[in-house]
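Line order of the protein sequences matches chains A and B.
Numbering-wise (the numbering used here), the first sequence opens with residue 1 and increments by one.
Numbering-wise (the numbering used here), the second sequence opens with residue 1 and increments by one.
Please keep in mind that the hints were generated in silico from the structure rather than gathered at the bench.
Quick caveat, the model's predicted, so the values are computed rather than measured.
Treat the hints loosely; a few may be bogus.
[Said to hold, decoys possible] For the chain A half of the interface with chain B, some residues (derived, Cβ under 10 Å), not all of them:
id, residue
1, Tyr4
2, Tyr15
3, Glu17
4, Arg21
5, Leu47
6, Ala92
7, Leu96
We treat Cβ as the ideally placed atom computed from N, Cα and C, and that holds for glycine.
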Amino acid sequence: MGNYVVRFVNARIGYEEPIIRDIALNIPTSSLTTILGPNGSGKTTLLRAIIKYASLFGGYIYIDGKNISEVSIRDLPRYVSYSPAEIYSQMALTVLDVVMSSRNGGGWVSKGEAIAALKYLGIDDIANRRFDELSTGQKRLVLIARALASKAPLLLMDEPTSNLDLGNKYRVIHTLRRIVNDRGVTVIAAGHDIDLALASDWVVALKDGEVMAMGVPEDIINGKVLSELYGVDVEVFDVDGHRLIYVRDEFIK
Amino acid sequence: MITTVKDFIIKFLWIFIPLLLIGIVLNLIIGEVTIPIKALFDPTNAYRIIMMDIRLPEVLACLVVGSNLAVAGAVMQAVFRNPLAEPYVTGTASGALFGALLGLLTYALFRASPLSPIILMPILSFLGALLATSIVVIFGRGYWLSLILAGIAVSILFSSIVMILDTYLLTIIPTLPAIVYLLFGTVSGVNWGEDIVMLSVSLPILVYIVMSSHEINLLMMSDEVAQAGGVSPRAFRNLLIALVGLLTAVTVSFTGIIGFVGLMTPHITRLLISSSDNSRVIPLSVISGSTIMLYANVASKVLVPGVVMPITAITSLFGVPVLLVLLRGGRNG
Chain A
1 MGNYVVRFVN ARIGYEEPII RDIALNIPTS SLTTILGPNG SGKTTLLRAI IKYASLFGGY
61 IYIDGKNISE VSIRDLPRYV SYSPAEIYSQ MALTVLDVVM SSRNGGGWVS KGEAIAALKY
121 LGIDDIANRR FDELSTGQKR LVLIARALAS KAPLLLMDEP TSNLDLGNKY RVIHTLRRIV
181 NDRGVTVIAA GHDIDLALAS DWVVALKDGE VMAMGVPEDI INGKVLSELY GVDVEVFDVD
241 GHRLIYVRDE FIK
Chain B
1 MITTVKDFII KFLWIFIPLL LIGIVLNLII GEVTIPIKAL FDPTNAYRII MMDIRLPEVL
61 ACLVVGSNLA VAGAVMQAVF RNPLAEPYVT GTASGALFGA LLGLLTYALF RASPLSPIIL
121 MPILSFLGAL LATSIVVIFG RGYWLSLILA GIAVSILFSS IVMILDTYLL TIIPTLPAIV
181 YLLFGTVSGV NWGEDIVMLS VSLPILVYIV MSSHEINLLM MSDEVAQAGG VSPRAFRNLL
241 IALVGLLTAV TVSFTGIIGF VGLMTPHITR LLISSSDNSR VIPLSVISGS TIMLYANVAS
301 KVLVPGVVMP ITAITSLFGV PVLLVLLRGG RNG
């Protein structure tokens, strides 16, 4: 495994036409990277490009040193696992079913591996519960367990902390941090969560299909970058080593 | 003690295996002529002929049709992520019937055709099924109920064409037996030759689908999950739609439209085993679908003595309430 698990080299990505233009981006191995950006900036498209679900119109994407154009869809599970914000779960799938629906390289995750992943996250007590009856917070943890059980070196998470209450949000952030630190996996999360970005190793600010800024959270989570990224007047205060976000708006009292 | 899915599956098998066996026996003995149970093991010549030439082909047809429709329903519900999807509701069956009838018309008009109706009908039926499903997929995108509404529209359209074609066929060839009965569905009169065609098309497809059930689970969750799981969602979805089209076509060509078996069977199976895992639901639906068809066929014969009722009337009696309950529950399966 090289120093970078994912590299975008002048990549143009989109569906019928490119949405992301000439992006150059290196995601370091064993890191937690958050992609921030307003709605429609191309965050999800960037994740989809790594699993070849969005089209590559030009340039290159390397995953684990390999050009993804040369990686077949069948071989993708060896490199990557993808967790969407929601899965269609109206029908009765147990938590174990969801975790065991993950590929483990060539085969499928066994019951033992699924339970081990759930145990690692401290949620093995809900193994036989129905997934659709869980709280959103529990669902997100189950999806993280599913990704973990796949033993893929790269985990892609689309909006892992959206629609979560404060407690559950920090539980998910803590879990993502833990699996990166303990297991050495690489997590790339796309979303709007500044707290997740602050807990990350790297933050990519994406705007209108271009990388506006990339760096460590201290360099990105500041008033200048966030104001430009979201088009509102943002101030960031440092209080006892914690960053507080303040949006200046005459309607916010 | 926690009741696991495995416990539910064991209970399911305890219920359905005896029901299936009893269903087979009932189908063998009940009909225009009632065969005494004793005679099943030591039949007279007349009974043997009835059993071998009429009842056993019907039993086999029930097993194949029940399996095909149940699996087609389970696959469609997963592929469209819609608990109401099945070949009847999505218009696939009506398209298949239109194709089958076109096959018969082609044969009637050009008798020199090298293909006999037994082959020509399923082939055109398959094309009709694909045509109907494609229209529904194109116009039924978006809101989950759109698929069902588009399916109803396409069903009505093809059923109307079938009625016109059938009337026309009878006008030009009065000796041709009325095949409008195919609109109502029946396994009566199915012969060994038709059984063999149905079985030889269906068996490889059913085996393939059962073996692909883990991949179907991925597709059911989301396209991106499927792709990252090594399954191309577009290609796999199209393949499954084509296979469901084939299962429907070969069923409709010989037994007509049998509604709601594809809808209710996977739901009953899911409910009984308390799981939507397709690696369990699909193979078990083969058993429950076959059983439901066996009893629907018996009911079609005994409801009014001496008259064989359309099977769709029987299956709809049970299927429509399931549909209504599902509609009331929104998308909850």
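Results for each hint:
1. Tyr4: violated (20 Å)
2. Tyr15: Given a least distance of 12 Å, the restraint on A/Tyr15 is violated.
3. Glu17: Result: violated, 18 Å to nearest chain B Cβ.
4. Arg21: This hint is violated: A/Arg21 lies away from chain B, its Cβ roughly 22 Å from the closest one there, beyond 10 Å.
5. Leu47: holds (8 Å)
6. Ala92: holds (5 Å)
7. Leu96: holds (8 Å)
The structure fails to meet hints 1, 2, 3 and 4 from the earlier list, while all remaining hints are met.
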